[in-house]
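Asks: Sequence:
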Amino acid sequence: QVQLVESGGGLVQPGGSLRLSCAASGFTFRRNVMSWYRQAPGKERDLVAAITGAGGSTNYADSVKGRFTISRDNAKNMVYLQMNSLKPEDTAVYYCNAHSYPGYWGQGTQVTVSS
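Each residue of the sequence shown is one higher than the last, beginning at 1 in this note's numbering.
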């Protein structure tokens with residue numbers, strides 16, 4: 001059974017940093033492109049970043065380029081999102097997702113950027 005468990009969110013001031021983690025299980029992790037999405041109140045869930053199975057290629061939404069970094073540890077079945085220079089508009093619930101299992105989502109982790 002596919003499971004995705006996100007953690008690491010919290011309240012941070014503008015300009016601060018957070019590192020999100022996602023623990024994956026129930027599928028062949030190393031063969032999957034992994035992504036982070038976010039959903040702000042009243043808005044659709046949007047793609048933030050993605051990383052290929054071996055970690056050799058990444059892709060970012062324009063709004064987070066240069067501030068966020070996605071990475072993965074295939075030995076631990078973990079994917080991470082390092083978020084720097086956070087802005088109030090980054091406030092959202094953040095979810096990870098496996099490309100081959102688009103219907104599976106974890107509970108998400110809340111990120112709130114506010115002074």
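Since the hints were made in silico from the structure, they are not lab data.
Treat the hints with care, since some could be wrong.
[To be verified] With a straight-line cut-off of 27 Å between C-alpha atoms, the simulated DSSO-like cross-links for lysine-lysine are:
(1) 87 with 65
(2) 43 with 76
(3) 65 with 43
(4) 76 with 65
[Unchecked claim] Beta-carbon label-pair distances, calculated as ranges:
(5) 114 with 69: 18 to 24 Å
(6) 57 with 19: 18 to 24 Å
(7) 76 with 107: 16 to 22 Å
(8) 75 with 99: 29 to 35 Å
(9) 101 with 11: 16 to 22 Å
(10) 3 with 66: 27 to 33 Å
(11) 41 with 75: 34 to 40 Å
(12) 84 with 26: 15 to 21 Å
(13) 11 with 75: 16 to 22 Å
(14) 8 with 55: 31 to 37 Å
(15) 104 with 42: 19 to 25 Å
Even glycine gets a Cβ: it sits at the ideal position worked out from N, Cα and C.
Asks: Determine for every hint whether it applies to the structure shown.
Replies: Okay, the hints, checked on the actual structure:
{"no.": "1", "hint": "87 with 65", "in the structure": "holds, 13 Å"}
{"no.": "2", "hint": "43 with 76", "in the structure": "violated, 32 Å"}
{"no.": "3", "hint": "65 with 43", "in the structure": "holds, 20 Å"}
{"no.": "4", "hint": "76 with 65", "in the structure": "holds, 26 Å"}
{"no.": "5", "hint": "114 with 69: 18 to 24 Å", "in the structure": "holds, 23 Å"}
{"no.": "6", "hint": "57 with 19: 18 to 24 Å", "in the structure": "holds, 21 Å"}
{"no.": "7", "hint": "76 with 107: 16 to 22 Å", "in the structure": "holds, 20 Å"}
{"no.": "8", "hint": "75 with 99: 29 to 35 Å", "in the structure": "violated, 20 Å"}
{"no.": "9", "hint": "101 with 11: 16 to 22 Å", "in the structure": "violated, 30 Å"}
{"no.": "10", "hint": "3 with 66: 27 to 33 Å", "in the structure": "holds, 32 Å"}
{"no.": "11", "hint": "41 with 75: 34 to 40 Å", "in the structure": "holds, 36 Å"}
{"no.": "12", "hint": "84 with 26: 15 to 21 Å", "in the structure": "violated, 31 Å"}
{"no.": "13", "hint": "11 with 75: 16 to 22 Å", "in the structure": "violated, 31 Å"}
{"no.": "14", "hint": "8 with 55: 31 to 37 Å", "in the structure": "violated, 19 Å"}
{"no.": "15", "hint": "104 with 42: 19 to 25 Å", "in the structure": "holds, 24 Å"}
Going down the numbered hints, you'll see the structure goes against 2, 8, 9, 12, 13 and 14, while the others check out.
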